[in-house]
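> Next come the chains, spelled out residue by residue.
Number of protein chains: 4
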Amino acid sequence: MLRVGLFGFGRIGRVHAANVVAHRQATLASVYETDPAGRDRAVDLYGVRACESVDELLGDDSIDAVIIASPTPTHVELLTASVRAGKATLCEKPIDLDISKVDACRAAIAEYEVPVMIGFHRRFDPSLAAIDRAVRAGEIGDVECLRITARDPAPAPVEYIAVSGGQVRDMTIHDFDLVRWLVDSEPSELIAMGANLFEQGYAELGDTDTVHLLIRTEAGAIATIENSRRGTYGYDQRLEIFGSEGALLMDNQYEVSLERHGAAGTKRRGTVLPGFIERYSDAYVQEIDHFVTSIVDGRTPKVSFEDGRKALLMADAALESMERNAIVAVPG
Amino acid sequence: MLRVGLFGFGRIGRVHAANVVAHRQATLASVYETDPAGRDRAVDLYGVRACESVDELLGDDSIDAVIIASPTPTHVELLTASVRAGKATLCEKPIDLDISKVDACRAAIAEYEVPVMIGFHRRFDPSLAAIDRAVRAGEIGDVECLRITARDPAPAPVEYIAVSGGQVRDMTIHDFDLVRWLVDSEPSELIAMGANLFEQGYAELGDTDTVHLLIRTEAGAIATIENSRRGTYGYDQRLEIFGSEGALLMDNQYEVSLERHGAAGTKRRGTVLPGFIERYSDAYVQEIDHFVTSIVDGRTPKVSFEDGRKALLMADAALESMERNAIVAVPG
Amino acid sequence: MLRVGLFGFGRIGRVHAANVVAHRQATLASVYETDPAGRDRAVDLYGVRACESVDELLGDDSIDAVIIASPTPTHVELLTASVRAGKATLCEKPIDLDISKVDACRAAIAEYEVPVMIGFHRRFDPSLAAIDRAVRAGEIGDVECLRITARDPAPAPVEYIAVSGGQVRDMTIHDFDLVRWLVDSEPSELIAMGANLFEQGYAELGDTDTVHLLIRTEAGAIATIENSRRGTYGYDQRLEIFGSEGALLMDNQYEVSLERHGAAGTKRRGTVLPGFIERYSDAYVQEIDHFVTSIVDGRTPKVSFEDGRKALLMADAALESMERNAIVAVPG
Amino acid sequence: MLRVGLFGFGRIGRVHAANVVAHRQATLASVYETDPAGRDRAVDLYGVRACESVDELLGDDSIDAVIIASPTPTHVELLTASVRAGKATLCEKPIDLDISKVDACRAAIAEYEVPVMIGFHRRFDPSLAAIDRAVRAGEIGDVECLRITARDPAPAPVEYIAVSGGQVRDMTIHDFDLVRWLVDSEPSELIAMGANLFEQGYAELGDTDTVHLLIRTEAGAIATIENSRRGTYGYDQRLEIFGSEGALLMDNQYEVSLERHGAAGTKRRGTVLPGFIERYSDAYVQEIDHFVTSIVDGRTPKVSFEDGRKALLMADAALESMERNAIVAVPG
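Chains as they are written, first to last, in the working numbering: chain A, 1 to 332; chain B, 333 to 664; chain C, 665 to 996; chain D, 997 to 1328.
Watch out, some of these pointers could steer you wrong.
As the list claims (entries may be wrong) - The calculated lysine to any residue pairs, modelled on SDA-like cross-linking and capped at a C-alpha distance of 25 angstroms, are: (1) C:LYS966 - A:GLU255; (2) A:LYS302 - C:GLU919; (3) C:LYS974 - C:ALA682; (4) C:LYS974 - B:ASN657; (5) C:LYS757 - C:ASP767; (6) D:LYS1298 - D:GLU1316; (7) B:LYS642 - C:ASP796; (8) C:LYS974 - B:VAL375; (9) C:LYS966 - A:VAL256.
As the list claims (entries may be wrong) - Computed Cβ-Cβ distance ranges for the label pairs, DEER-style: (10) A:PRO73 - C:GLU720: 23 to 31 angstroms; (11) D:GLY1197 - A:GLU245: 51 to 59 angstroms; (12) C:PRO938 - A:ASP60: 51 to 59 angstroms; (13) C:LYS966 - B:VAL495: 48 to 56 angstroms; (14) B:THR366 - D:PRO1122: 32 to 40 angstroms; (15) C:GLU942 - B:ARG373: 58 to 66 angstroms; (16) A:SER281 - C:ARG705: 50 to 58 angstroms; (17) B:ARG373 - D:ASP1278: 23 to 31 angstroms; (18) A:THR293 - C:ALA686: 54 to 62 angstroms; (19) A:GLU245 - B:GLY664: 47 to 55 angstroms; (20) B:ARG465 - C:PRO737: 49 to 57 angstroms.
No lab work stands behind these hints: they were computed from the structure. What you are looking at is a predicted structure, and each value in this text was computed from that prediction instead of being measured. Every residue gets a Cβ at the ideal spot worked out from N, C-alpha and C, and that includes glycine.
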């Protein structure tokens, strides 16, 4: 059994905790959480050791692996310390909002051969994973176009936006990773067209509520991303990939498999799944499974530190594109 | 060009007239219609000859083929006269509501080698025809079960019901033909469960508004039919066929290919197609095309007099089943 | 925390065990399982007490409730003993294959006011529960027709069939319960048309592989059930309910939300969910939640002993219908 | 009856001819076609007058309206002459590939009060028209984003491309018109990212086979267009419009309403409709109906000369954007 320590017992920390507990090859051994209520809840639910400090958790030799699910500003420090302590590490995205800190962290951990995985959970979604397998198997031939639609169900509070790093670093970053993963070619240039269509409070922070992007990859494929902070009808998560011989389209998922008919026309009941917790519940299970089994079996986990860094470089390019209202080259 | 004469310029007569006119190998030459307004309209729209009598139409040697789209009680007489006049004949279903009259007609035309086709238009629907082709090609292996759902959009007036011959002779008769055609095995026994769920006026006429049937064929396959005189949401026309290696499901068709999303959930706009004119518009085009090209090319048309007779035998068996509340053998 | 004892740690026992463990208001305290390997696995996974006898489990005063997931022939004895021991009891369906034993059990527990629930899990499926709520809320008006399609993914081994009680007692029994639940009217008569279309080994046991039924309820509604022991493309679980003002249709559920397009036409990836474990995983969670919270809150659970008995009466009527090839009245 | 003259009896001219013939308020009176075979066919099918010259057709006082369906280079001259002859005119898109010629034509016909309509047929498609009505009725609130996907079924021959005016003037021009129509706000700036992903012969002509665009409108909405000269699976025609209160999504349309299931998974039969003739057959009917009834009733037709000119201005901006690899302002 892989013994896992967890930093952070907030919303995403709790998802990971439950999935570690339910995994046949892993045990949740300890938790570090600064909020006393959260800490008590972890102990109450799972009987884990509640650590008083980062060092206490990392200093425990019985711990094999750690999951970093604490706030973004703590990631770089915890990731560096965990790697130095020899713990296999799964760190939530983004590594940091500042590329210079990410690069410093990269240098600091370069010499350690400890498995590090970044939490781009969508790569583990059964539908997206099926697309990846089909593309690798050549079912659609050469990839030519990718289109991603992502709309949050409802705008986040302005307080969250203020510390989020901005729409492209916080939200589009997932889509940047999907582009690199599914197209399997590095981006060469991109253009971002941002707008404030419904949340003027975001504009005051210099952030957008809507951003559409075109991205050209080195292999020539074109990716289109549509992002909005509001869905009006649920959590809109769709993706289409077109190749020389076919196409794969991922539709939204619904709460129930019903069609309602009446005099007013056909209605499909309910909305699409309401948020990321519901839509990606299987992805989080599979993400933990991949992390755990990779460590247990001695394989390198799929989503590397470099993948986390590259997605941030794309976000920074998108910000520059919006500032200059121009096409921007993406650094390698 | 095949020169066609038409008996009857009511609702279905007009559909056939337009399709004959649009066909490249056929011309609508003459019409016999007892209603002066209908007759004038035919002349006005298509410049056809308006015949004063049945004999005038059938006595015209320039006429190659006739379509009988007049009221049901006239079918047997017109069909017999047309065949005797040597005209290739397309007769609307049912041949008659009384099997003894059908049998008499059968005897009367037995010696003539004139092409006769009965108007079971659904066999020519592109979706149903695609099912037929797939089944013949062995795509689903041996046919085991067939399920037909047919709901009229709204109950017909009691006046119509009084002369309709009853739900199974007027409505289910189409489904009886589909069973024989798609299962490709004669029915051996059937059970009909009828009900008056919403139209008590029908009950006073001894007719049902709802009837469900189970039919066993000689080859062992089971067919299920659900019929209702009311759809509440459009014209419900679905069919499923299950075989040893797969299944084919025909869904309803919609007016527009839209999905509407809003806070109240996903809605698909509009209802299913509202009636048989809309749903089977292509089937009527293909039916005329099959009739015309069969005659022109010297091939025997697909839907025979015997097919029309067999469907009526099944309807009579269904009536007997409801009267006796028992399973009934279908005569061969 | 409700302390739960479990009889049987086979396939369905394990599903219930995991759901009890994950429930916030319940603890899995003890298991009785005659197979040593199963017993050891329960202890290993959950650290529960492994009881050496039924009496040891039922004699433990700390146990509040029991779940009976052992083989069908043990149900009546365990159910009677559990109720007499004052334990709230969730018993898997069927109560027994023999109505006389069910009636004897009914008499034996009549005087006890202990909550008893029968495991018709489909009532807790989110889609079916949504249909129930919509029907109760009057969204489709008066219920007129119900249609249930249920096809197992693949035929069960002949050895299983030999002890299953036959298709209608083992498989259709779920659908009988759905008819009573959703139509909300007792069945008055039914007709069953059975067949052996692909498994001749079943015929040698006097069992069918395919059965279609028509059921009339006291309120006049007609239900149609299609059952097959083989799906060819997954686990076919669909239901349609038609009312005076609308209809609700439950479609199959798919493994991934993908559409694949290529030169050969559009393909939706994979099959429908492959079996009941996958299709009804949420239903099993909700079933345990209903049982646990009903007991904790002092409410009567939804699916009563009487519901289990009535479904068996319908199955017996279906068997009689097939033997006599006739419509049969369902006893009240 | 409106008497119509037709210039050009090629592919699109024949579609218009059949729709004029079938219209209750219009007659196809004369055709001018330089190809003798085409001219003979028109006479043979419809018995129309075959004109030997443009002047013969326009000089016929009995002609009320003309349809210009001849090659693009002839449009400006024919349009000018028709307007000067006082004929209500429906001219196929594009007016011309050269904006200076369009502007010259605009000046030449400015003083005439003759109805002129440009043939953007998609505005008359039932699904797109339903979207327009819903948007106008406020169903989705303020329009924020529009996304258009258009993929031709297969690349056109290089010979056609050489005279087409290029992908954005020939293909995207329809989408430019949809943006202006559905967003109901003029475009302010756009970016086009073109590529040659599969047709190098196009590259040699300086044309693209794939182009993706972002367009910002004066009202702030963002439109995304994806265009490809190849679909791999049929004619891909989809559109999504997002507003402050909901969204409307138009899906592709299929040849038959079938789902095929087998061991290899669910397959929907056939591809999406194969080309514009099939996909927009209803749109062409409605377009002619709108033209005819507008003239007959004295209303101004919906799609003006100015609409045709604006779409060309957007195409020219897109070309400039690709040349400069920059965001470009769209002239008013």
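> Indicate, hint by hint, whether the structure satisfies it.
We went through each hint and held it up to the structure:
no.: 1; hint: C:LYS966 - A:GLU255; result: holds, 23 angstroms
no.: 2; hint: A:LYS302 - C:GLU919; result: holds, 23 angstroms
no.: 3; hint: C:LYS974 - C:ALA682; result: violated, 30 angstroms
no.: 4; hint: C:LYS974 - B:ASN657; result: holds, 24 angstroms
no.: 5; hint: C:LYS757 - C:ASP767; result: holds, 15 angstroms
no.: 6; hint: D:LYS1298 - D:GLU1316; result: violated, 29 angstroms
no.: 7; hint: B:LYS642 - C:ASP796; result: violated, 41 angstroms
no.: 8; hint: C:LYS974 - B:VAL375; result: violated, 66 angstroms
no.: 9; hint: C:LYS966 - A:VAL256; result: holds, 21 angstroms
no.: 10; hint: A:PRO73 - C:GLU720: 23 to 31 angstroms; result: violated, 55 angstroms
no.: 11; hint: D:GLY1197 - A:GLU245: 51 to 59 angstroms; result: violated, 19 angstroms
no.: 12; hint: C:PRO938 - A:ASP60: 51 to 59 angstroms; result: violated, 42 angstroms
no.: 13; hint: C:LYS966 - B:VAL495: 48 to 56 angstroms; result: holds, 50 angstroms
no.: 14; hint: B:THR366 - D:PRO1122: 32 to 40 angstroms; result: holds, 37 angstroms
no.: 15; hint: C:GLU942 - B:ARG373: 58 to 66 angstroms; result: holds, 60 angstroms
no.: 16; hint: A:SER281 - C:ARG705: 50 to 58 angstroms; result: violated, 26 angstroms
no.: 17; hint: B:ARG373 - D:ASP1278: 23 to 31 angstroms; result: holds, 25 angstroms
no.: 18; hint: A:THR293 - C:ALA686: 54 to 62 angstroms; result: violated, 21 angstroms
no.: 19; hint: A:GLU245 - B:GLY664: 47 to 55 angstroms; result: holds, 52 angstroms
no.: 20; hint: B:ARG465 - C:PRO737: 49 to 57 angstroms; result: holds, 50 angstroms
The structure shown violates the earlier hints numbered 3, 6, 7, 8, 10, 11, 12, 16 and 18.
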